[in-house]
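S.K.: Listed here are the chains, written in short residue letters.
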Amino acid sequence: KQEVTQIPAALSVPEGENLVLNCSFTDSAIYNLQWFRQDPGKGLTSLLLIQSSQREQTSGRLNASLDKSSGRSTLYIAASQPGDSATYLCAGRGAGSYQLTFGKGTKLSVIP
Amino acid sequence: SQTIHQWPATLVQPVGSPLSLECTVEGTSNPNLYWYRQAAGRGLQLLFYSVGIGQISSEVPQNLSASRPQDRQFILSSKKLLLSDSGFYLCALMRSGEAAFFGQGTRLTVV
Chain A
1 KQEVTQIPAA LSVPEGENLV LNCSFTDSAI YNLQWFRQDP GKGLTSLLLI
51 QSSQREQTSG RLNASLDKSS GRSTLYIAAS QPGDSATYLC AGRGAGSYQL
101 TFGKGTKLSV IP
Chain B
113 SQTIHQWPAT LVQPVGSPLS LECTVEGTSN PNLYWYRQAA GRGLQLLFYS
163 VGIGQISSEV PQNLSASRPQ DRQFILSSKK LLLSDSGFYL CALMRSGEAA
213 FFGQGTRLTV V
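So the protein sequences, as listed, match chains A and B. Numbered according to my numbering, the first sequence spans residues 1 to 112. Numbered according to my numbering, the second sequence spans residues 113 to 223.
Bound conformation, chain B alone (with noise of 0.2 Å):
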């Protein structure tokens, strides 16, 4: 069975720190991978996907960016966060015609 492995589960960063997110699949191949992010009050909103190794759309521009270097590895960053970089930022896959499936998530606080 697919699963998807997200860590750290929290992380507390300063204002102008850099950021590395990783998102890590198994039991699947050539998934397309997504970032969303879900702030306190808002929906889920998608940030990156990836229907390929090396392919990154993005949907927000902002201060973050992404890079998917092998096919099962996701990873959002960014050089300087801002306070509101702050949410819960989640991993997804998703192949044709099945149901996404979503990691457990990553909790950071800008500070």
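One chain only, chain A, in its complex shape (with noise of 0.2 Å):
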């Protein structure tokens, strides 16, 4: 069963500075991994998703990478604001399934 693990759980950075975001997943047959914004009491915004095909997807200042055999994504950010503040999740499918499964989040403060 995959599991989405995110580290840390919460950041704090200045406005102005690249950031890393990660996530890992215990199931390396992954189908998609997917990242996703959440603002408090919303629901979720996808942000970039991933094919297991892919190595990285750009939106914009943001960036994520997949590397499956490490059983990694990252999301980064550059050029941070405080409109970035937020819950950001990321969420994997595994081959085959029809389920998505997220990590708990790393909330991000960017500090003006």
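One should not assume that every hint holds.
[To be verified] Computed, partial: chain A to chain B, Cβ under 10 Å:
#, residue
1, 36
2, 51
3, 85
4, 93
5, 100
6, 110
Just so you know, the hints here were simulated from the structure itself, not pulled from any lab data. We treat Cβ as the ideally placed atom computed from N, Cα and C, and that holds for glycine.
Two independent chains are provided; combine them into the complex using the hints.
M.R.: Below you can see the structure in the form of structure tokens.
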């Protein structure tokens, strides 16, 4: 059964800093991995989806990578802004599975 | 573009009362539909998923049930709520190879 871990649970950085959020998963037979953003009291907003055949995806200041052999994914945020403050969740979908397994998230605070 | 409608946004219910949360989707057809629960201090827990009308898979044995009477409608129900049913309930859709898309959720407080 797929297990997803996100470390650290919380992160505080000054505005303008580049940062990396980490996600690890136990089953390397992963179909895809997705990064989400969640603002307090809100639903999840999809940021990036990486298929198993891909190594990275980019959208604006965000870059997500996937390394199946090591069971790791990272979300890189460039030039962080206070508006980036939110909880970031990663979720893996196993091959042949209909399910997304989520990590518990990293709560990011960007200090002006 | 696809849209998920969830209502109500917030709900306060007494212990032992029934529950019905509805999720409807627009802008897509034949999606896989999901109910997740997010409790304080815990991650997202998959409760039910459906790959088609009348097809329900339960991931966690509990006080809840789900139904999919139409392709774009997914309903979460309970006959008698427990305090432990409190949480943030999220409906999601996913099509093969595509990103999962979530609704805005229902905050349920059982008192």
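S.K.: Does each hint fit the structure? Answer for all of them.
M.R.: Going down the list of hints, with the structure as the test:
1. This hint holds: residue 36/A has a C-beta 8 Å from the nearest C-beta of chain B, less than the 10 Å allowed.
2. Hint status for residue 51/A relative to chain B: holds, with the closest Cβ pair at about 7 Å, below 10 Å.
3. With 10 Å as the threshold, the beta carbon of residue 85/A stays out of range of chain B, its nearest partner Cβ sitting at about 19 Å, so the hint is violated.
4. Given the 10 Å rule on beta carbons, the hint for residue 93/A holds: about 8 Å separates it from the nearest Cβ of chain B.
5. At about 6 Å, the closest approach between the beta carbon of residue 100/A and any beta carbon in chain B falls short of 10 Å, and the interface hint on this residue holds.
6. The beta carbon of residue 110/A is not positioned within 10 Å of any beta carbon in chain B (closest approach about 23 Å), and the interface hint is therefore violated.
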